[in-house]
Amino acid sequence: MTTAAVTTLPARRSQVTDNYLTQDRRLRSWLFTLDHKRIGVLYLATSLLAMLIGGLLAMVIRTQLLVPQGLIFHGHGNAAAYAAYKHYNQIFTLHGIIMVFMVLIPIIPGALGNFVLPLMLGAKDVAFPRLNLMSFWLYVGGAVLAIASTVAGAVDTGWTFYTPFSIHTETYVVVMLLGIFLIGFSSIFTGLNFIVTIHKLRPPGMTWFRMPLFLWGIYATSIIQVAATPVVGVTLVLLCLERIMGIGIFNPALGGNPVLFQDFFWFYSHPAVYIMILPAMGIISEIVPVFSRKHIFGYSFIAMSSLAIALIGFLVWGHHMFVNGQSAELDAIFSFLTFLVAVPSAVKVFNWLATMYKGAIVLDTPMLYALSFLILFTIGGLTGVILGALATNVVLHDTYFVVGHFHLVMMGGTIIGFIGGLHYWWPKMFGRMYNETLARIACVLLFFGIAITFVPQLIVGAEGMPRRYAHYLPMYQPYMVASSIGAYLQLAAFILMTGYLVHSLVRGRKAPMNPWGGGSLEWTTASPPPHDNFAHPPVIGENYDPYDYRHLAYDPKIGGYVPTGIGDTCGAGKYS
Amino acid sequence: MTETVSIGKQHDLAQRHLAHHFDTPQQQFDAGKLGMWLFLSTELLLFSGLFCAYAVYRALHPEIFRYAGQYLDMPSGLANTLILLTSGLTMALAVRFAQLGRRIGLVVCLFLTICGGLGFLGLHGYEYFTNYREKLLWGLNYNPSHGPHGQAIAPIRSLTPLTVRSLPGGVGGWASLKALGRQGFIVSHSAIAPAASGPPGIAAGQRHTVRLAPYAQPANVQLFFSIYYLMTGLHSLHVLIGVILMTWLLFRAWRGDFSPRYYTPVDLIGLYWGIVDMIWMFLFPLLYLLH
Ligand code: HEM
Ligand SMILES: [Cu+2]
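Sequences listed follow chains L and A, in order.
Its first residue numbered 1, the first sequence is counted upward by one per residue in this note's numbering.
Its first residue numbered 1, the second sequence is counted upward by one per residue in this note's numbering.
Bound-form chain A, shown alone (with noise of 0.2 Å):
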């Protein structure tokens, strides 16, 4: 079920949507073309501040990182994932779809893309609500009542008792030094050269030792949960606007606005939201994984 619209009416559209300050209907869509993608780009600027207090903090704090990032909903951050990669498909599909004049085929994807956007809010929601339960919040609201493993708190970080651990070097040192990383902090181990083979740091064939803190909750670690916030706050910002606008598309869609003639709406809005499914794709690894 296809529907194209003839060449005459598609020119009528094109000439109806030109204003008179353009010579021709391309010189417009380039133009707007142009513009959408500066828009972006002072888009992923916005972003940039977080990402950039990100990287400050993450420099600075290492361990709030690594302890905070537990908490986490790891699959649900792969389930919003995977649902804006698929949404991010068929927004570029609704675009094909508009290029071909094919009405059935612009406005079912539409409203997939629709459905991703907003699957994706509830879940993060539903995220955001269970955190809040817990009280995994910003600044002085942090107070959950468990660690991230449900274990209990312990006290703010305090480096003893240390525990001191002797490895040998060598591959099998680098693999017991990452299990040790799971147990606790290691807060120290013995400088060595680098080794002839192996992974740097761990000369093969020399034992070395390696201080170790137990798990305990680091200071500041609300200072993780205010960059959480504020970076997936607003992204999902984004995604509530991106959802807001490709409704007014399905239904100018609907109302067959749209032709290969004149179809600069859904090109841009496809635009915006590749930039939103990408921003996602970076702060899922930074936040849930990245620990």
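So here's chain L without its partners, still in its complex pose (with noise of 0.2 Å):
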């Protein structure tokens, strides 16, 4: 006899009329709302926001380079070529930090992560409701601040900001940096107010090693939000200084040296790919088993690779520097330190892999995006270990191989890793079900546009086309128009996407508790939850394991799963 994993009672009634959405409609209850659910949907809301905005300016980039001369900015002789090329830069500078630092950076902790840290942990919010608000707002202050430098004089340095060019530009950078120095104090405070979370408000019984996968995703991911950001922020003020003081630190011809500008800002940036990454791991670590009805294979090895990861992201940074006068001793020191992270990204890939093994795969929406992220991810990940070869990043640095290796895994793995977390728990977040086929045809179309999009801009850049140039040498044009081609359809899937979405919100199907199910703590309170999360407290027995889906049957009354309750076989054994 063991007991029950979970034992939280439905007590759907008193949860159909009262629930997180419906419990208080006024305005101001929403923006100055407390519940970390609330929240996450108003984090949802703004970065979807961004991303729209992102996404055009991504199709201006896709049109543009239809053809060599360039379709949108072009001009005949050198003034007018010099202000066409310059309105480029400033369209791919902004497409650039407001995808890198508005959607990629805020959006899986921000959206996904708010909703359901609490929910999965079993706790009745995160430890700092207030703080969690004002971090939403300072997301949004700075979003405007950099959305309003755009008015007054758009960024033209690209969303890495090297100086000297920075400093002199006359371009509005000082807003820029301001918007995305409060952005940076959001991100530091959304990942303090989550460890602090996960430290001090898991309930009795949830251990660490009990805490599903998605946690240690969020908690890797947290770390370095509190450990890297600082970094970025003070280097930010300087260059801010730089420009309004003059104090010259990066300024060569006061003395400073640029470099220490590079290395500043890598040193933050290349760790913040991994804050954009490892939450999308940690939905990847959700989806796969469920949807293969199977237990995880390797549950330590996955979390203790994210907090490898996380480590060993610090120590990489030099590799965007390979040929910028870095000693060679460096350069070698670098490069094996970037091979050596990539070595817990395949651990991870190997244990889902390995989870699907064997498993009843069910081809839910989720699980084709986790599919997708597997094979787009791998790529995009192997890419990353050609550049962090010495030899070949040499020949490929500053290519279109960098912006195809980037966006495969930023479009292939955190964005696909979103948008399957979306459909994971849509049904919790909004208590309602989107059409299945419909979804299905989107994330195909949204792998191939990926593909095509992407892996045409490795193939010119290996062969020599520089990345940020407004126009090309015509050998490289049915590359470039396969590449936007891609980009459409990405685009029709977002559409498509938003119109399924939108429908499910307005007539879907009343969703059940657990339609997927999932063993973890969020499929045992209603869709969508209450206020408090859990009508009663969950209770974490002994033999509680998020993973372990024996106890649970698929009854098609209610098009969900349910708890068979008898013969709970719940820690008689893992399947892995």
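Hints are computed from structural coordinates only; laboratory data are not their basis.
From the three backbone atoms N, C-alpha and C, an ideal C-beta is built for every residue, glycine too.
Check each hint, because a few of them may be wrong.
If you want the ones that stay clear, here's a sample from chain L, every Cβ over 12 Å from chain A, calculated [to be verified]:
{"hint": "1", "residue": "Q23"}
{"hint": "2", "residue": "G75"}
{"hint": "3", "residue": "Q90"}
{"hint": "4", "residue": "G141"}
{"hint": "5", "residue": "F165"}
{"hint": "6", "residue": "V175"}
{"hint": "7", "residue": "M356"}
{"hint": "8", "residue": "G381"}
{"hint": "9", "residue": "L438"}
{"hint": "10", "residue": "H503"}
What the simulated footprint calls covered on chain A by chain L, stretch by stretch (three residues with Cβ under 8 Å from a Cβ of chain L suffice, anywhere in the stretch; the number is not a length) [to be verified]:
{"hint": "11", "region": "17-31"}
{"hint": "12", "region": "48-57"}
{"hint": "13", "region": "133-143"}
With the hints as a guide, bring both chains together as one complex.
As structure tokens, then:
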């Protein structure tokens, strides 16, 4: 006889009438909410808006590059061409800044993390709800400042702000930097909040190694957010002071060292790519076992590889600076460490594959996203290793190969992971199902869109086309056109997705408590959850295991899984 | 004159401050404390960027730091160090008094700490002011009329004329080498295998030559002042924030908000003040002492 893993009673009647969405409908109850679920929804809405803006800018870029001389921005004579290409620089700079700082970094922790972290943990809220709200508003404030700087004089430095150009350009760099600074603080506070929540708000019975792996991913991410973001904060302030007061630290004309800026910038921005990818990996670790109906393989390896990535990720920033005069010894060390950091990523990939092996795979939308992630992220990650090798880097640095690499990991990794997670938790967040067929079509479209956009970029890059150019040699045109077609496919996928998700909000079938048969605690409360998360605080028994699905059975009447109750075999032995 | 709060009232106070998502006041206190430690680590990281810039420039241009550091007013820096140390003590006492529920002690200690913070800011402000008058500033604004010891400023560093001195080896040679270092820049001295005895680099019983350049202003001294203003400026900003926070604490302490059951804000701001103190303990030797 074993105790039931989770003994939360449904108590359905009271929850149907009152959930976190309906319990107070006034606008100010949303804007000043301290409820982590509502803050998650606010993050979701704002970062999706940012993604829309960034995405439209991407469409401008891809349209420009349909023809070698540039379709939108071109000019005859030096002055006209200079002005036109400057606009192109402004467009891709804004695209990069929005996507990196307003979408990729905050979207998963802010939207999904906020929503499900306390639920998965079995807590009532995050540790500091007020700080959480403040983080959200800092994010909004920073985004508004950044966009305002664009209206005043759009920055044309690229998202990397390399000095000395960023000191001399006459565009509104200072306002933009202040905006990013605020967003950085928002990120720090979110990370801090999550770390404290995971340390101090785990209910009795929820030990570290009983936490769902998404929480490990978020935990590792939070460590990076807290440990790396302050450094970029001070770097951005220094760059502002450089422009306002001429302090000269990064300005060679005043004796300063521009390479120091690059060191500081990448010391943050390399770990930042793990801020983007670790939560997405966490989502994949949730989806794969649920839709393979099989216990996750190598739980502790996946958990620990997140921490390993977080830690080693701090030691590889020099791989962005192989060709800037860094000493050969440093180059070799950074290259070695770059190879090393690929190992824990690979550990995860193999564990996911092993989880699927001989599983009863269900190809629902979240799982399709997980599979897309596996393919696209693996290609992207391997191109990273190619870039990390010194000899190839010298050839490929600052070409489209780099562009292809990071878009494959960021679109094919972070965004695919995020959208997979969104589809996975959507019924929990809004209490509605979406149209499964349309969702699968959108996923396939997006998968091919991403592959067709970015794989040709790897090829043109390897053939020598530099990044950030507004025009190019005719020999590259076939690839560039293919890439643009891929981008339009992605646009189509997103339009379709918007359509059926909005339809789901209004008309969607009511979601059951546990539509996919997940074993973690968020599936033991109503969809959508009540204001206090659980009608009764979950009791986490001795044999609780979020990846054990054997006590769940599909009930066609409600279209979801229910605990079988009898013969509960939780903890009688793991599958793996 | 101490005031202790009755146990029943303490319990009420603790409960009143307990947010709905915590089970016990202890859990809430622990969470707050962990949060504060994490926040303080981000503060350290914020400064670490500047420390790193300091280290890099010092390694690349030691002559700038040796030269410019002499401009700073060491006694005033030392006075500030003592002030901050004392205020650290009074803050620690304030936390202790809060734990014991001794309101008057808490109020007095907070007041003294605030005075320390303000004293520090005043003295530092005065130092900034004198620097400003002498145009010891960052970037292109750096334009002092005389050298660190009141001497006329030699034109930008030139390595001629060089004096070549011959020194004895061993401990005596070491001492005269240090003495020479105060007269000018040691451009090079002849490489000698490590001695069996005596400080490394100077073999006992052997003579070696030293090439000495006169003290002239090295290039890019303004870099030192950029770093000096950034580090001390960021630190002073933190002192200022600390003073504001403690004024708020003082007000609440006066009102009697704190008790042995609930004194989290005092404890957390005490931690903050400790870190602010500690950062200065690094800034002072790095900027004022290490020439
Ligand atoms: C699997 C391990 C990975 C390795 C070994 C790796 C390696 C590299 C290397 C060596 C570069 C520098 C290329 C150059 O400029 O010459 C680079 C660039 C980049 N990587 Fe990765 N990477 C990996 C994963 C990721 C992930 C997961 C992301 C984001 C989610 C990412 C985002 C980026 C970005 C944004 C850049 C370009 C930055 C710029 O110059 O604008 N990488 N990567
Ligand atoms: Cu990197």
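Status of each hint after checking the structure:
1. Q23: 14 Å, holds
2. G75: 36 Å, holds
3. Q90: 28 Å, holds
4. G141: Holds: least Cβ distance 19 Å, greater than 12 Å.
5. F165: 18 Å, holds
6. V175: 21 Å, holds
7. M356: 37 Å, holds
8. G381: 28 Å, holds
9. L438: Given a closest Cβ separation of 38 Å, the condition holds.
10. H503: About 35 Å separates H503(L) from the closest Cβ of chain A, which puts it past 12 Å; holds.
11. 17-31: holds (count 7)
12. 48-57: holds (count 7)
13. 133-143: holds (count 4)
Going down the numbered hints, you'll see the structure goes against none, and every one checks out.
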